[in-house]
Amino acid sequence: MHERLSFFVKRDSPIHRLNPMTKVVLALSLVLIAFSSPWYWTPQAIFLLAIIPLTFIARVVKEYWSFFLKVILPTVSFLFVMQALFLPGESRIIFEIFGLEVTELSAQLAFRNATRIAVMVSSFTILLLTTHPSELMSDLTRRGLPGQFAYVIIASLQIIPQMQAKAQTIISAQRSRGLDTQSSFFRRVGAIVPLVGPLVFGSLVEVEERAIAIEARGFTSTRAKTSFHEIPDPSSERVIRWLLIFLVIISLALKLWLS
Amino acid sequence: MQNVAMQNKRSDSWLNIKKDFNTMTWVLMPVAIAINMAVGQIVATLRLPVYLDSIGTVLVGVICGPWAGALTGALANTILGLTINPDFLPWWPVAAVIGLVSGICANYGLFKSWWGVVVSGFIIALAAAISSVPISLLVYGGITTGGTGLITAYLVETGRGIVQAVFASSFLTEPVDKITTAMLAFAIIQGLSKRFLARFPRAENVETDEKISQTQLIIAVAVVILLILFAIFLLGRLTGA
Numbered sequence: 001m002h003e004r005l006s007f008f009v010k011r012d013s014p015i016h017r018l019n020p021m022t023k024v025v026l027a028l029s030l031v032l033i034a035f036s037s038p039w040y041w042t043p044q045a046i047f048l049l050a051i052i053p054l055t056f057i058a059r060v061v062k063e064y065w066s067f068f069l070k071v072i073l074p075t076v077s078f079l080f081v082m083q084a085l086f087l088p089g090e091s092r093i094i095f096e097i098f099g100l101e102v103t104e105l106s107a108q109l110a111f112r113n114a115t116r117i118a119v120m121v122s123s124f125t126i127l128l129l130t131t132h133p134s135e136l137m138s139d140l141t142r143r144g145l146p147g148q149f150a151y152v153i154i155a156s157l158q159i160i161p162q163m164q165a166k167a168q169t170i171i172s173a174q175r176s177r178g179l180d181t182q183s184s185f186f187r188r189v190g191a192i193v194p195l196v197g198p199l200v201f202g203s204l205v206e207v208e209e210r211a212i213a214i215e216a217r218g219f220t221s222t223r224a225k226t227s228f229h230e231i232p233d234p235s236s237e238r239v240i241r242w243l244l245i246f247l248v249i250i251s252l253a254l255k256l257w258l259s
Numbered sequence: 001m002q003n004v005a006m007q008n009k010r011s012d013s014w015l016n017i018k019k020d021f022n023t024m025t026w027v028l029m030p031v032a033i034a035i036n037m038a039v040g041q042i043v044a045t046l047r048l049p050v051y052l053d054s055i056g057t058v059l060v061g062v063i064c065g066p067w068a069g070a071l072t073g074a075l076a077n078t079i080l081g082l083t084i085n086p087d088f089l090p091w092w093p094v095a096a097v098i099g100l101v102s103g104i105c106a107n108y109g110l111f112k113s114w115w116g117v118v119v120s121g122f123i124i125a126l127a128a129a130i131s132s133v134p135i136s137l138l139v140y141g142g143i144t145t146g147g148t149g150l151i152t153a154y155l156v157e158t159g160r161g162i163v164q165a166v167f168a169s170s171f172l173t174e175p176v177d178k179i180t181t182a183m184l185a186f187a188i189i190q191g192l193s194k195r196f197l198a199r200f201p202r203a204e205n206v207e208t209d210e211k212i213s214q215t216q217l218i219i220a221v222a223v224v225i226l227l228i229l230f231a232i233f234l235l236g237r238l239t240g241a
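Chains as they are written, first to last, in my numbering: chain A, 1 to 259; chain B, 1 to 241.
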């Protein structure tokens with residue numbers, strides 16, 4: 001029950017060994033290029049030539065594709081169907097269904113938008129599959145992110161599964177006392193208070209104790225903290241990062257120049 | 001004399017960012033993020049037509065201040081994206097706006113009565129609807145993946161412009177959700193002891209002298225029900241046209 005929730009899979013791969021910052025820059029630049037490039041086929045090319053090879057290099061093929069089939073594919077196909085049917089576009093009609101027209105233009109736009117979303121979700125998924133949240137946070141803290149931010153993110157990752165378990169316990173407990181959570185609409189609305197109340201008040205009680213505990217451990221101290229775990233950051237990766245940023249700038253500039 | 005007392009009771013400007021953050025704020029933030037998720041889960045179990053997944057964000061905005069609320073919203077969406085589905089990531093500005101606006105409303109004294117809370121809920125919904133328009137246009141090309149996307153699609157099909165349709169559909173779905181959220185957050189604050197609340201940076205936002213009356217609550221609930229009926233009516237008119 002006290003496990004952290006995260007996508008991370010422990011493997012030994014070149015991507016896992018990269019500095020977390022490099023992976024963040026890589027994910028963000030793939031997304032920004034996919035969204036800003038004026039060339040129609042860019043998102044599709046990024047998906048085929050960057051995302052798929054990356055899953056092989058990172059040795060997370062199985063994990064990535066199971067997430068792709070469970071989450072990304074349904075979302076993206078829903079988006080594609082909806083947009084193809086409903087986006088306005090005056091061009092040759094491909095086919096008609098229930099009076100809704102799929103035109104060449106709307107299908108093209110829908111395909112591009114859906115691929116963009118797929119690239120966005122996939123590149124972050126690869127980042128999270130290959131980067132442990134604590135490592136990412138300690139690297140970002142070393143680069144100047146205030147420690148409080150890191151605390152909020154890491155603490156949330158720990159508290160959320162506990163809280164979800166607690167919510168399930170409260171639902172079961174109130175049901176066994178006869179609380180109606182399944183019948184009419186108004187009964188279900190009425191069930192909010194006895195379910196949310198104990199959960200929220202129970203969790204807020206701990207806040208004060210935790211504040212005292214972390215203050216006693218130097219939480220508000222502004223002096224630089226040392227870390228037991230060193231994260232390597234070779235200069236070759238710095239070059240890669242600048243190169244990626246350069247590509248993003250070119251893509252954004254082309255977009256502005258051509259529009 | 002009374003005037004001086006009133007002035008002392010008035011809260012600091014909401015622009016004072018530093019005031020929002022003490023250790024209690026930082027510790028409340030992860031708890032608030034977990035509350036967002038767990039309440040969202042309970043509401044999904046109950047199969048209710050709202051999300052109520054920003055109660056924690058509004059709570060932080062009200063008792064810690066607008067900037068703490070904004071940060072909670074932004075981080076909540078980031079964490080949701082990091083753990084459940086990266087599809088949540090692009091929506092972080094909307095969550096931040098929800099926290100910010102609820103904090104500003106509380107600073108102007110709207111979180112002291114049920115009336116004010118309903119009004120704040122409405123303002124929060126308006127702000128959330130406006131801020132979600134550019135994101136759904138830029139990232140999703142207008143039609144998003146949720147139930148709101150279906151309404152947008154319908155409006156586009158019946159001849160409305162895409163920007164207008166995106167705005168209309170989020171404006172139809174947001175008020176009920178955000179007013180209920182604000183009311184639940186207020187109910188939670190009412191249930192907390194004064195001693196506990198006083199440790200948060202903007203406890204004066206919710207300080208009241210008289211007891212909150214039951215009649216006010218009943219009228220507020222009635223307003224919400226009327227609003228739901230009005231939304232359904234509007235939806236009927238829009239789809240009928």
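Since the hints were made in silico from the structure, they are not lab data.
Accuracy of the hints is not assured; some may be wrong.
[Stated by the list, open to error] Pairwise CB distance ranges, derived in the manner of DEER restraints: (1) 49(B) x 240(A): 44 to 54 Å; (2) 17(B) x 180(A): 43 to 53 Å; (3) 216(A) x 154(B): 48 to 58 Å.
Here a beta-carbon is modelled for each residue, glycine too, at the ideal position from N, C-alpha and C.
- Query: residue 17(B) and residue 180(A), beta-carbon distance inside 43 to 53 Å?
  - Reply: holds, 46 Å
- Task: Starting from the range 48 to 58 Å, see whether the pair residue 216(A) and residue 154(B) falls in it by beta-carbon distance.
- Result: holds, 57 Å
- Please test the hint of 44 to 54 Å on the beta carbon pair from residue 49(B) and residue 240(A). At roughly 48 Å between Cβ atoms, residue 240(A) and residue 49(B) fall inside 44 to 54 Å, so the hint holds.
Comparing the model with each earlier hint shows no violations; every hint is respected.
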